[in-house]
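Those letters in the sequence shown? Residues 6 to 442, by our numbering.
The set of hints was computed from the structure by calculation and includes no laboratory data.
Some clues are possibly wrong.
What the hints assert, rightly or not - Calculated lysine-lysine pairs in the DSS-like style (CA-CA distance at most 25 Å, straight line):
hint: 1; residue 1: K379; residue 2: K222
hint: 2; residue 1: K345; residue 2: K265
hint: 3; residue 1: K291; residue 2: K222
hint: 4; residue 1: K265; residue 2: K343
hint: 5; residue 1: K222; residue 2: K189
hint: 6; residue 1: K345; residue 2: K225
hint: 7; residue 1: K222; residue 2: K345
hint: 8; residue 1: K345; residue 2: K291
hint: 9; residue 1: K294; residue 2: K225
hint: 10; residue 1: K222; residue 2: K407
hint: 11; residue 1: K224; residue 2: K265
hint: 12; residue 1: K291; residue 2: K343
hint: 13; residue 1: K345; residue 2: K189
hint: 14; residue 1: K189; residue 2: K265
hint: 15; residue 1: K224; residue 2: K343
hint: 16; residue 1: K343; residue 2: K225
Stated by the list, open to error - Ranges of calculated distance between the beta carbons of each label pair, as one might list FRET restraints:
hint: 17; residue 1: F397; residue 2: D226; range: 27 to 37 Å
hint: 18; residue 1: F249; residue 2: T429; range: 38 to 48 Å
hint: 19; residue 1: W125; residue 2: K225; range: 53 to 63 Å
hint: 20; residue 1: G411; residue 2: Q39; range: 25 to 35 Å
C-beta: ideal position from N, C-alpha, C; glycine also.
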Amino acid sequence: MKTIVRFLLVFYFLSLFFSPNVYAERIITSEDVQINLDIVWICIATVLVFFMKAGFIMVEIGFTRGKSAVNAIMKNMMDFAVSAIVFWAVGFGIMFGTSNGLFGTDGFFLHDYADSRDPWLFAFWMYQLVFVSSTAAIVSGAMAERTRFPASLMFTVFMSAFIYPMFGSWVWGSFYHGEGWLEKLGFTDFAGSTVIHAIGGWAGLAGTIVLGPRMGKFKKDGTINPILGHNLPLAALGTLILWFGWYGFNAGNTLEGGSKIAQIMINTTLSGSAAAISGMVTAWFKFGKPDVGMTLNGALSGLVAITAGCAHVEPLWAVIIGIAAGIIVVFSVIQFDKLKIDDPVGAVSVHGVCGVWGTVALGIFKTGEMFSIKNIGIQILGSGIAFLWSFFVSYGIFSLIKKAIGLRVSEEEEYQGLDYSEHTATAYPDFQITNIK
Numbered sequence: 006m007k008t009i010v011r012f013l014l015v016f017y018f019l020s021l022f023f024s025p026n027v028y029a030e031r032i033i034t035s036e037d038v039q040i041n042l043d044i045v046w047i048c049i050a051t052v053l054v055f056f057m058k059a060g061f062i063m064v065e066i067g068f069t070r071g072k073s074a075v076n077a078i079m080k081n082m083m084d085f086a087v088s089a090i091v092f093w094a095v096g097f098g099i100m101f102g103t104s105n106g107l108f109g110t111d112g113f114f115l116h117d118y119a120d121s122r123d124p125w126l127f128a129f130w131m132y133q134l135v136f137v138s139s140t141a142a143i144v145s146g147a148m149a150e151r152t153r154f155p156a157s158l159m160f161t162v163f164m165s166a167f168i169y170p171m172f173g174s175w176v177w178g179s180f181y182h183g184e185g186w187l188e189k190l191g192f193t194d195f196a197g198s199t200v201i202h203a204i205g206g207w208a209g210l211a212g213t214i215v216l217g218p219r220m221g222k223f224k225k226d227g228t229i230n231p232i233l234g235h236n237l238p239l240a241a242l243g244t245l246i247l248w249f250g251w252y253g254f255n256a257g258n259t260l261e262g263g264s265k266i267a268q269i270m271i272n273t274t275l276s277g278s279a280a281a282i283s284g285m286v287t288a289w290f291k292f293g294k295p296d297v298g299m300t301l302n303g304a305l306s307g308l309v310a311i312t313a314g315c316a317h318v319e320p321l322w323a324v325i326i327g328i329a330a331g332i333i334v335v336f337s338v339i340q341f342d343k344l345k346i347d348d349p350v351g352a353v354s355v356h357g358v359c360g361v362w363g364t365v366a367l368g369i370f371k372t373g374e375m376f377s378i379k380n381i382g383i384q385i386l387g388s389g390i391a392f393l394w395s396f397f398v399s400y401g402i403f404s405l406i407k408k409a410i411g412l413r414v415s416e417e418e419e420y421q422g423l424d425y426s427e428h429t430a431t432a433y434p435d436f437q438i439t440n441i442k
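Modelling step: build the complete structure from the supplied sequences, incorporating the hints.
What follows is the structure in structure tokens.
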């Protein structure tokens, strides 16, 4: 009897070992490999874009005065933290939930999707989060040195929950569920010249208009009094960190590990480089010297401009797009100063104006459809709608915040610097006198 039992046990385990199902479960298909590669690439791109936060902080600190450096750190740090919670709770559902073409109606708190335990979805959510926090950072730079810290955080809530996700749903809704109405018209923005940069830039324009300029920026007779940044080496390091992260920003939006990545990186490099050169040369002719601030913003303008078309244009046209962006950003910064719009870091010019240029340029230079009047018209239409949406909604929200809790610090607090008045701290305790103008 014992022999029979032993035989049956051995037979049972051998049958399990040689079962076809066991081997079927262990077979890894090429599709499995591609799915895992896609997830890994999205996660790598996410980390690259997340690191851009450090770049935004450094650029804002470098282009502004030292007495508001801690405030720049706090705004950008908390922009990300607030965006993470709000986008998880509300923004992702509006942007990528089941939609009728206007906005999503499920996926809030990831509740409707989390049960699937889909690793691609979780990677995609993280990638979209670092995008929305970048949009908030653009607004921060445009409103630097005079915005109350609580007001900045309050606006980030609206940006993460509503302003960015709503427009994003119109253009990128098909990335997960549904299809936005601008998508259906044929509007294209591969990685966010409009969806991210222009939306952030126009919100920043609205904010700086509601705020008004910094004290001393414009004299009583209307002439411009330049307020120089206190640390251009830090601004340069921030620019290079942003450039580094841009490879994840643009190439990551393939949402897959594929052959497009290298082409996108080449176009990103060429446009940023061409814009840095044209920005420097334009400033050189305009001011008689190769201005470092304009050169740095020139590089950023080229990176912004190519973001829409990085996967859809040939390298030659990436260079042309970059050259034009570098020229545009110099004259845009000058023009906003003439309009008495005080943008300390040039965020509106870099992200708003050059975001529009890059989006329209895609309609002009798209491979296989160059100079298509229809495409150009649709790109202009989408860019115009982005301006109307972001600027006027943001203007209304900033006006409400101004009435509700106050948007701007007092003159005395601005004179002291926001590091002390908002945070009772200083970035340079051993070197900096905090009450200088």
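Structure-based check of each hint:
1. A C-alpha spacing of about 43 Å is found between K379 and K222, which places the hinted pair above 25 Å, so the restraint is violated.
2. Of the pairs offered as hints, the one joining K345 and K265 is violated, with about 43 Å between alpha carbons and a cut-off of 25 Å exceeded.
3. Taken as a hint, the K291 and K222 pair is honoured in the structure, with Cα atoms around 21 Å apart against an allowance of 25 Å.
4. Under the criterion of a C-alpha separation no larger than 25 Å, the hint pairing K265 with K343 is inconsistent with the structure, at around 42 Å.
5. Between the alpha carbons of K222 and K189 the distance comes to roughly 45 Å, so the proposed pair goes past 25 Å and is violated.
6. At roughly 12 Å between alpha-carbon atoms, K345 and K225 fall within 25 Å of each other, so this suggested pair holds.
7. In summary, the hint linking K222 to K345 is supported, as the alpha carbons are separated by about 9 Å, within the 25 Å threshold.
8. Under the criterion of a C-alpha separation no larger than 25 Å, the hint pairing K345 with K291 is consistent with the structure, at around 20 Å.
9. Taking the CA atoms of K294 and K225, the gap is about 28 Å. The hint is violated against a cut of 25 Å.
10. Taking the CA atoms of K222 and K407, the gap is about 21 Å. The hint holds against a cut of 25 Å.
11. Restraint check: the Cα-Cα separation between K224 and K265 comes to about 51 Å, which exceeds 25 Å; the hinted pair is violated.
12. The hinted pair formed by K291 and K343 meets the criterion: a straight-line CA distance of about 15 Å does not exceed 25 Å.
13. With a C-alpha separation of about 39 Å, the suggested pair K345 and K189 falls outside the 25 Å cut-off, and the hint is violated.
14. Only pairs whose Cα atoms come within 25 Å are accepted, and K189 paired with K265 is accepted, the gap being roughly 24 Å.
15. For a cut-off of 25 Å, the pair hint linking K224 to K343 stands: about 12 Å separates their Cα positions.
16. Proposed proximity of K343 and K225 is supported: the alpha carbons are some 14 Å apart, at most 25 Å.
17. Between F397 and D226 the C-beta distance comes to about 32 Å, which sits within the given range of 27 to 37 Å.
18. One distance hint, 38 to 48 Å for the beta-carbon pair F249 and T429, is violated here, with the actual separation near 34 Å.
19. Roughly 59 Å separates the CB atoms of W125 and K225, a value that falls within the hinted 53 to 63 Å.
20. Between G411 and Q39 the CB atoms are about 53 Å apart, so this pair departs from the stated range of 25 to 35 Å.
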